[in-house]
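For the sequence shown, the residue numbers in the UniProt record's numbering are 1 to 208.
Since the hints were derived computationally from the structure, they do not count as laboratory data. Please note: incorrect hints may appear among the correct ones.
[What the hints assert, rightly or not] Listed next, the in silico DSSO-like pairs over lysine-lysine satisfying Cα-Cα at most 27 Å (straight line):
no., residue 1, residue 2
1, 104, 175
2, 175, 101
3, 129, 83
4, 101, 129
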Amino acid sequence: MWPALPTTGALRHHDILATSRLGPSTSVNFPPANARPAQHPSIMDNAAQDDETWELSADGCHVWLTRDHLDAVQTMNRVRSPKAGAIVLFAGTTRDSFAGKPVKELTYTAYNKRALRTMLAICVALRDKHGLKGVAMAHRLGTVPIAEESILIAVSAPHRQAAWRAGEEALEECKARVEVWKREEFHGEEGVWRANRDGARGDRITES
Numbered sequence: 001m002w003p004a005l006p007t008t009g010a011l012r013h014h015d016i017l018a019t020s021r022l023g024p025s026t027s028v029n030f031p032p033a034n035a036r037p038a039q040h041p042s043i044m045d046n047a048a049q050d051d052e053t054w055e056l057s058a059d060g061c062h063v064w065l066t067r068d069h070l071d072a073v074q075t076m077n078r079v080r081s082p083k084a085g086a087i088v089l090f091a092g093t094t095r096d097s098f099a100g101k102p103v104k105e106l107t108y109t110a111y112n113k114r115a116l117r118t119m120l121a122i123c124v125a126l127r128d129k130h131g132l133k134g135v136a137m138a139h140r141l142g143t144v145p146i147a148e149e150s151i152l153i154a155v156s157a158p159h160r161q162a163a164w165r166a167g168e169e170a171l172e173e174c175k176a177r178v179e180v181w182k183r184e185e186f187h188g189e190e191g192v193w194r195a196n197r198d199g200a201r202g203d204r205i206t207e208s
């Protein structure tokens, strides 16, 4: 089952602002929490292309998906606040090897609406837990070459300790829960689909 939105805190359906690539802000009717999980990324490619929701926001929390290069300054600007004494930014980049094998590039795909829903739930929970002033999480989809960013996470807080803790927690929660898959492309051999967790191999699910 997909992760559900928190039952406590400030996140409510009418608080959510969604942005489409094709038009202005609009409300989103998310799939029910008990909907059947998305299939293996090879099946999800067409669904991802048809899913036009790319950004959600709720009271200081901003999450988005993009096929463009990620912008660290833009991400930090989303969480700036005169009440914040610290901003922590994490940038996850594509490294050139995995388990001793030379990596050519990574390719990411996602079920946009579910991924954004989960990303926003993570941000809201951490905002409330650590007293943050802003949280922003951006994930790049498509091909991400070596040394380029696939994810940016920025958090702002009155004090640095809360910002450090929240930034690390945000990354771990994102890798564990968000509906994003990656394909590792190796030099000289076939690529491998993985869940977006360290070393977790993706399992193929056939449609019934």
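Each hint tested on the structure:
Between the alpha carbons of residue 104 and residue 175 the distance comes to roughly 21 Å, so the proposed pair stays at or under 27 Å and holds. A distance of roughly 22 Å separates the Cα atoms of residue 175 and residue 101; the hinted pair therefore holds under the 27 Å criterion. The straight-line distance between the Cα atoms of residue 129 and residue 83 is roughly 17 Å, inside the 27 Å bound, and the hint therefore holds. For the given pair, residue 101 sits about 39 Å from residue 129 by alpha-carbon distance, which is inconsistent with the 27 Å threshold.
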